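Here is how the chains run, residue by residue.
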Amino acid sequence: MDRFDRHYNLKGFGQKSQQKLQDAKVLVVGAGGLGCPVLLYLASVGFGKIGIVDGDLVSESNLSRQVLFGQHDLGKNKAEAAVQILRGKYNDIELVSIPEYLNRENVTEYLHDYDLVVDGSDNFPTRYLVNDACVLLGKPLVFGALYQNEGQVAVFNTSGIQSVNYRDIYPIPPSAHEVPNCNEAGVLGVFPGIIGCMMASEAIKLVSGFGEILDGKMLYYNFLNHSEYKIELTKDPQSEISRPKSANDLMQMDYQDFCGLSSQINWEDVIPLMEEFGDTVLVDLRQPHEEPELEDIPFIRVPMNQIHLKNSELARTNTILLFCQTGIRSMKASKLLQEKYPDKYIRSISGGINSFDLNL
Amino acid sequence: MKLIVKVFGKISEEIGESEFMIEKSDNIASLKSEINTIYPQLKDLKFAIAVNKKLSTDSDKIPEGAEIALLPPFSGG
Numbered sequence: 001m002d003r004f005d006r007h008y009n010l011k012g013f014g015q016k017s018q019q020k021l022q023d024a025k026v027l028v029v030g031a032g033g034l035g036c037p038v039l040l041y042l043a044s045v046g047f048g049k050i051g052i053v054d055g056d057l058v059s060e061s062n063l064s065r066q067v068l069f070g071q072h073d074l075g076k077n078k079a080e081a082a083v084q085i086l087r088g089k090y091n092d093i094e095l096v097s098i099p100e101y102l103n104r105e106n107v108t109e110y111l112h113d114y115d116l117v118v119d120g121s122d123n124f125p126t127r128y129l130v131n132d133a134c135v136l137l138g139k140p141l142v143f144g145a146l147y148q149n150e151g152q153v154a155v156f157n158t159s160g161i162q163s164v165n166y167r168d169i170y171p172i173p174p175s176a177h178e179v180p181n182c183n184e185a186g187v188l189g190v191f192p193g194i195i196g197c198m199m200a201s202e203a204i205k206l207v208s209g210f211g212e213i214l215d216g217k218m219l220y221y222n223f224l225n226h227s228e229y230k231i232e233l234t235k236d237p238q239s240e241i242s243r244p245k246s247a248n249d250l251m252q253m254d255y256q257d258f259c260g261l262s263s264q265i266n267w268e269d270v271i272p273l274m275e276e277f278g279d280t281v282l283v284d285l286r287q288p289h290e291e292p293e294l295e296d297i298p299f300i301r302v303p304m305n306q307i308h309l310k311n312s313e314l315a316r317t318n319t320i321l322l323f324c325q326t327g328i329r330s331m332k333a334s335k336l337l338q339e340k341y342p343d344k345y346i347r348s349i350s351g352g353i354n355s356f357d358l359n360l
Numbered sequence: 001m002k003l004i005v006k007v008f009g010k011i012s013e014e015i016g017e018s019e020f021m022i023e024k025s026d027n028i029a030s031l032k033s034e035i036n037t038i039y040p041q042l043k044d045l046k047f048a049i050a051v052n053k054k055l056s057t058d059s060d061k062i063p064e065g066a067e068i069a070l071l072p073p074f075s076g077g
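Just so you know, the sequences run in chain order G and L.
FYI, the UniProt record's numbering numbers position 336 of the first sequence as 336, with every residue one higher than the one before it.
FYI, the UniProt record's numbering numbers position 50 of the second sequence as 50, with every residue one higher than the one before it.
Straight-line distance between alpha carbons at most 35 Å, and here's what the computed DSBU-like set of lysine-lysine pairs gives:
hint	chain 1	residue 1	chain 2	residue 2
1	L	K53	G	K11
2	G	K89	G	K76
3	G	K332	L	K6
4	L	K32	G	K230
5	G	K139	L	K46
6	L	K46	L	K2
7	L	K54	L	K43
8	L	K43	G	K310
9	L	K43	G	K335
10	G	K25	G	K139
11	G	K49	G	K230
12	G	K245	L	K61
13	G	K139	G	K332
14	L	K61	G	K230
15	G	K11	G	K89
Hints in this document: simulated from the structure, not taken from any laboratory.
As the structure is a prediction and not an experimental result, all values here were calculated from the model.
Work the whole structure out from these sequences, hints included.
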């Protein structure tokens, strides 16, 4: 008997299906609310190789839903912590941590090694990037996403270019602030667990051939009343227009800009701007408990929920640079402040503290 | 003859209902403008539209008694 004995006994599954899982290599994008339950189950059912890509660090507000992690993991990189935890449970699967965010430069290299991708990321630029890379490389994509108490699950790109992909449903991304993520909109810890388990189920069924998958379909699930709504998807020729057609096209594609997230600067620009404009104020929009702290550069803290209040330091200066954890709150704040102070130079720092490089 | 429109995510939040009734339109494009007249707050939102649980495009005709769904994208994870 081995740890997959119950799979062998299950009618219609058996040793043959189990072997398919053990031969499969899956990349999980994001070890967050969706990624954690996905990873727990993909590891427990015995996928042969699991790659985990996430540049984010575990913070206290993650712990209500990111069930792989506990209080002793605070401040650790999520991909590395997840691999360490799963290694402690199983010695018969290969685990690879990629402690970075996916971007147009690294996505092709990282996806290349895997047979399928499970996307549990938390922002539109990454979702379009992962979709486009999967279409280009011919990798099936298990997709899942949340908005408050509702979830979406779908399987894209199962049979190459003829298959439906994310752009067939949403050829044009929503504008920057149209759809808040979990940090902004809130979510009850157990709900990403449900959607994440659905995503893991789809990955398992896809590889093993057991049952039916949401191939070319999208399922809407409502956590509050258990209602489900399943849509049959179709190819939209319009969607092909903006999709990158080659690895080179993909390298040229600015996913932040495509998703309306411009008026941003990078960390490299921060020091030169502060030197040029002596009155520049750098603002940390995060709550005091969020990690890591910014070191060696002077900043003030104005939590996002107080940004609309009167603030003499912001009123006085002409140059305001905003950062948060991932660049989403700072983008929102830059819009708010720009409306309030149309004459000031206000920029959001792209990618937030997560993209801060100590070597700068 | 009215059509039933089911709504999800941010759209449901904006209008405070999970479904509403609307006068029948011939195709998706005219349905969209009808929806924008009744709910101007949806004008700037992006969403896909399904007719009888099938994803549709602007030129698709809407049959009698069809069930419509307005499907916004989600990004949370």
